[in-house]
Amino acid sequence: MIPDTKRQVEDTVRAVLRDVLALDETRVATFDADTPLFGALPELDSMAVAGVLTELEDRLGIIIEDDEVDGEMLESFGALVAFATAKTAQ
Amino acid sequence: MLRFGPASGPVVMIAAPLFEEANRTRALLVAICRGLAERGLASALPDLPGTGESLIETRDARLADWREAFAAAADVAGSRVLVLALRGGALIEAEAAAVARCHISPIDGAALVRDLIRTRLAAARESGEAFDPAAIAPPGPPIALAGNTLSRALLAELLAALPTRAERTVRLSSDPLPADLKLNSAPLWRRAEPGQDLGFAHRIADDITEWAATCGS
Chain B
1 MIPDTKRQVE
11 DTVRAVLRDV
21 LALDETRVAT
31 FDADTPLFGA
41 LPELDSMAVA
51 GVLTELEDRL
61 GIIIEDDEVD
71 GEMLESFGAL
81 VAFATAKTAQ
Chain E
91 MLRFGPASGP
101 VVMIAAPLFE
111 EANRTRALLV
121 AICRGLAERG
131 LASALPDLPG
141 TGESLIETRD
151 ARLADWREAF
161 AAAADVAGSR
171 VLVLALRGGA
181 LIEAEAAAVA
191 RCHISPIDGA
201 ALVRDLIRTR
211 LAAARESGEA
221 FDPAAIAPPG
231 PPIALAGNTL
241 SRALLAELLA
251 ALPTRAERTV
261 RLSSDPLPAD
271 LKLNSAPLWR
281 RAEPGQDLGF
291 AHRIADDITE
301 WAATCGS
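Residue numbers (the numbering used here), protein chains in the order written: chain B, 1 to 90; chain E, 91 to 307.
You may find that some hints are simply not true.
[Stated by the list, open to error] Listed next, with one range per pair, are the computed distances between beta-carbon atoms:
(1) 70/B <-> 129/E: 25 to 31 Å
(2) 154/E <-> 34/B: 37 to 43 Å
(3) 228/E <-> 25/B: 30 to 36 Å
(4) 72/B <-> 303/E: 18 to 24 Å
(5) 71/B <-> 169/E: 53 to 59 Å
(6) 33/B <-> 129/E: 43 to 49 Å
(7) 45/B <-> 252/E: 30 to 36 Å
(8) 303/E <-> 34/B: 52 to 58 Å
(9) 7/B <-> 274/E: 16 to 22 Å
(10) 71/B <-> 147/E: 33 to 39 Å
(11) 42/B <-> 252/E: 20 to 26 Å
(12) 67/B <-> 99/E: 50 to 56 Å
Quick caveat, the hints were computed from the structure, so don't treat them as lab data.
A virtual CB, placed ideally from N, CA and C, is assigned to each residue, including glycine.
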């Protein structure tokens, strides 16, 4: 079952960050739209980015093109959720 | 090749993931082997040519070599072999003379190569160097991808490779693809650092032990 509502996508992004970056459940539960990610989260380096994107693709049934990956969509939790939601709707 | 468990009976041949995922999951695979041994089942974990303690350079490795090596290891391991493949391991066990196969989260070669390229692009973005993902086709020199130097021929082979047909498939509950069993664990192979999940290892050992008993005699 591929998640599609905005809430389900948000839950999935949260779960992916938790699983791929090995973060605490309680810590990811505090993430909101403004929580900074790339550049602020030490666990999210360039190697980890690849794992996060691929896992998002697999869980949401989307394809993320290489040229769509930029600083903006990884900047904050809100930005990443917005990006994933838009892709899921396509 | 690491061997565990009793000297007789069926042997579970472990086909480890490929490239960096092998490092990330090695402790997990060893824990699975130990778990199987505790439950009275033998297992073996071979290193493919160009990996681990092999004397061959990774850049000289080919898919056919890996398939042949794994099959040869299975032959010496025992007379009744069950294959347990994790992720890309499902791409290299095709020639093993096995009674049955179980795949954990199998992926096709194209997905694997996409992953390698994505990691290379992420690193390139950070260092400011250019990398053209389209420029990996033969002919040409080997390419450095995600910590390994691989021949273009191997990459081309991987792009076309598909998992062998397996009697049993296990996936994580977060994975929407179909499976005979879904387990609620995090994908250790996606983490940047090697990790461990003993709970997952024991659940797999339980499942494989049960499954092995049903695999005919």
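Verification of the hints:
A hinted range of 25 to 31 Å is violated for the C-beta pair residue 70/B and residue 129/E, which are about 49 Å apart. Between residue 154/E and residue 34/B the beta carbon distance is about 52 Å. The supplied range of 37 to 43 Å is therefore violated. For the hinted restraint 30 to 36 Å between residue 228/E and residue 25/B, the CB-CB distance of approximately 46 Å leaves it violated. Between residue 72/B and residue 303/E the beta carbon distance is about 54 Å. The supplied range of 18 to 24 Å is therefore violated.
Between residue 71/B and residue 169/E the beta carbon distance is about 57 Å. The supplied range of 53 to 59 Å therefore holds. At about 48 Å, the CB distance of residue 33/B to residue 129/E agrees with the hint of 43 to 49 Å. At about 32 Å, the CB distance of residue 45/B to residue 252/E agrees with the hint of 30 to 36 Å. Our hint of 52 to 58 Å for residue 303/E and residue 34/B holds, since their Cβ atoms are close to 54 Å apart.
Evaluation of the 16 to 22 Å hint for residue 7/B and residue 274/E yields a pass: the beta carbon distance comes to about 20 Å. For residue 71/B and residue 147/E, the Cβ-Cβ distance of about 37 Å falls inside the hinted range of 33 to 39 Å, so the restraint holds. Checked against the hint of 20 to 26 Å, the pair residue 42/B and residue 252/E fails, with Cβ atoms roughly 38 Å apart. Checked against the hint of 50 to 56 Å, the C-beta distance between residue 67/B and residue 99/E comes to roughly 53 Å, which is consistent with it.
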